[in-house]
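S.K.: Same order as they appear, the protein sequences are chains A and B. Read the first sequence against the working numbering and you will find it ends at 360, with the numbers running on by one and no gaps. Read the second sequence against the working numbering and you will find it ends at 360, with the numbers running on by one and no gaps.
Derived from the structure by calculation, the hints contain no laboratory data.
No copy labels: a pair is met if it fits in one copy or bridges any two.
In silico DSS-like cross-links for lysine-lysine, where the CA-CA straight-line distance does not exceed 30 Å:
| no. | residue 1 | residue 2 |
| --- | --- | --- |
| 1 | K273 | K58 |
| 2 | K33 | K58 |
| 3 | K33 | K273 |
| 4 | K38 | K273 |
The lines below spell out each chain.
There are 2 protein chains.
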Amino acid sequence: MDMDTLLVEPIGLEQVEGALGRFFEESKVRAAKIGPGYHGLWETLERCTAGGKRFRPRLVMSAYQMLGGRDLENAAEVGAAFELLHTALIVHDDVIDRDFIRRGIPNVSGRYRSIAEAAGMSAEGARHVGFSAGVIAGDLALSNAYRLLERVEASAAVRRRLGEILDEAVFASAAGEFLDIETSLNPAMPPLEDIVHMARLKTSVYSFEGPLQAGAVLADAQEEVVVRLGEFGRDAGIAYQIADDLLGVFGNETRTGKTNWGDLREGKRTALMSYVSARPEWDSISSLVGSPGMSAAEADQVRRILVDSGARDYSADLAADYASRARTHLESDVVPAALRAALEPVVSAVVDRVR
Amino acid sequence: MDMDTLLVEPIGLEQVEGALGRFFEESKVRAAKIGPGYHGLWETLERCTAGGKRFRPRLVMSAYQMLGGRDLENAAEVGAAFELLHTALIVHDDVIDRDFIRRGIPNVSGRYRSIAEAAGMSAEGARHVGFSAGVIAGDLALSNAYRLLERVEASAAVRRRLGEILDEAVFASAAGEFLDIETSLNPAMPPLEDIVHMARLKTSVYSFEGPLQAGAVLADAQEEVVVRLGEFGRDAGIAYQIADDLLGVFGNETRTGKTNWGDLREGKRTALMSYVSARPEWDSISSLVGSPGMSAAEADQVRRILVDSGARDYSADLAADYASRARTHLESDVVPAALRAALEPVVSAVVDRVR
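For reference, chain A alone in the conformation it holds in the complex (with noise of 0.2 Å):
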């Protein structure tokens, strides 16, 4: 499920799109000065970061007008950093991943393995070439994720406020990435309240809590409100995670833009799997998750495993049950209802998604 469908009202996206151009063209312009490979590796990252539809700049954008925020441009620039923040995972993320492929196009390992591959280098050579500029891209969006919230007027006690928003969305998500290669270490399928943990960590903090929060704090909301848009986000975000993980294993292909059985193949430690790890019907198909050489009708048999045990319908009643407590958070006098109702449709999706 790509974030693109939870809607929320695209209210000074332009200001963000336009603090990212100014980003990409200055820093194209000083690497143009080393050399035309490096402003390509730059036209790379930059064609990385177009093809999102700012789902946490609107999240920013949103909590910071509702809350009374007026200043689109400098606003633009905390949504911003936090769009390069996700370009920075993204990268990253597909690297550990080992995938060359995002959205359907070449992603910076892809580009940069076509390359060495043209250069002649042999294939395990060109993977490395292509991990290796996944690597140095990515902690070029990183550390200017920093920059770009050094960009922001604001108070001391503000800006103070926002790094320690920014580097808990970094100090999670990190610990998110490190606990799925953890689990994955382990071939037992992990109890439900660390697959819960790990969506928050990789999930609800930097996506969800994260951007609500600056918003707020850029805005000078008070406390309750920032914490309550916490609180939101933290189950929103793991809604959204519990949700996206059944969509991985029952979704169309061609609305999800993955295919279906490569979580399986993976052996995600997803609701569902560990859902029904813990019943009888899991010696059926134990040997065959997790299994590289899974086939289609392999994948077929552990999707009706899956129905049968009750584990897809106890998922999506989870996922529901997250955002339902989402929801419950904003029920306060503190949350401005207009800012409730843009951020219903983002927990109403993704309950729609999967019923």
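Based on the hints, put chain B in the right spot on chain A.
M.R.: Chain B alone, transformed into the frame defined by chain A:
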């Protein structure tokens, strides 16, 4: 050549250790709340940072104090930021170079490769787990270099300047790493001009220019001093890199801690190779240089040609030349004699090692 052989008076290093110690302590406490595995990753990162001799913080502290700075605690945060940037770059550089050992002990990738192997993973899978942990750990070090810089107390103008210096260090280092990969795709050895350009990008900016200029800016030094220190750092870093490449081929393995044919096998682009590749002698060794299976006898043959063709002397002279240029930048009344005296051994040591 390890940079700890380049002597700079260790003033205020205790404060730098304090700043790094506090940072890792706080981070480990936070990480432990997420889980023991993530805490372990932070311990590994701390160990990677602990092995160094604080060359960059030494430069920060020397410049700061000899230009009149008195708040050692504050300057130590800048020193710690550059040390953490150094950790980030070596951790990611090891991923790019596919190295699992650093300073004789397993690096981040080496540690997590072993853990994955012990968990029963295939050799290739375990290597990739190692690289993935390296990517994540490097990201944490990189983003926290920015965080440490945020802790520095200074006027808005000085803070902006410090941010620009760190940014330039990251931008140039990434460019240097990238150009390294790019030139390795071309079988021809690059011209000397490109070798010097890469040395500046990879070594001078973040290890010499940045730390010296950051110390000076924090001490509110006059602009001419900042410029002079940048020029000194640029040429000293180039001299260092050329000398280091010479030691990589001719150095005593026990003293350098590296094998002295790794660079030959890898076909590393150096001043030595650039020089010899334009000479008739090149024909007799071009097929050996960069061949992973190079024997000890073949390495000796390459070394002999490098001596006989004059490449060795040429490189040693070039390093001495850049060291001497570096010195001339300090010959100005605006540079205090004490600072000149502190920096002099840095360039002398470079030349002494390769003579």
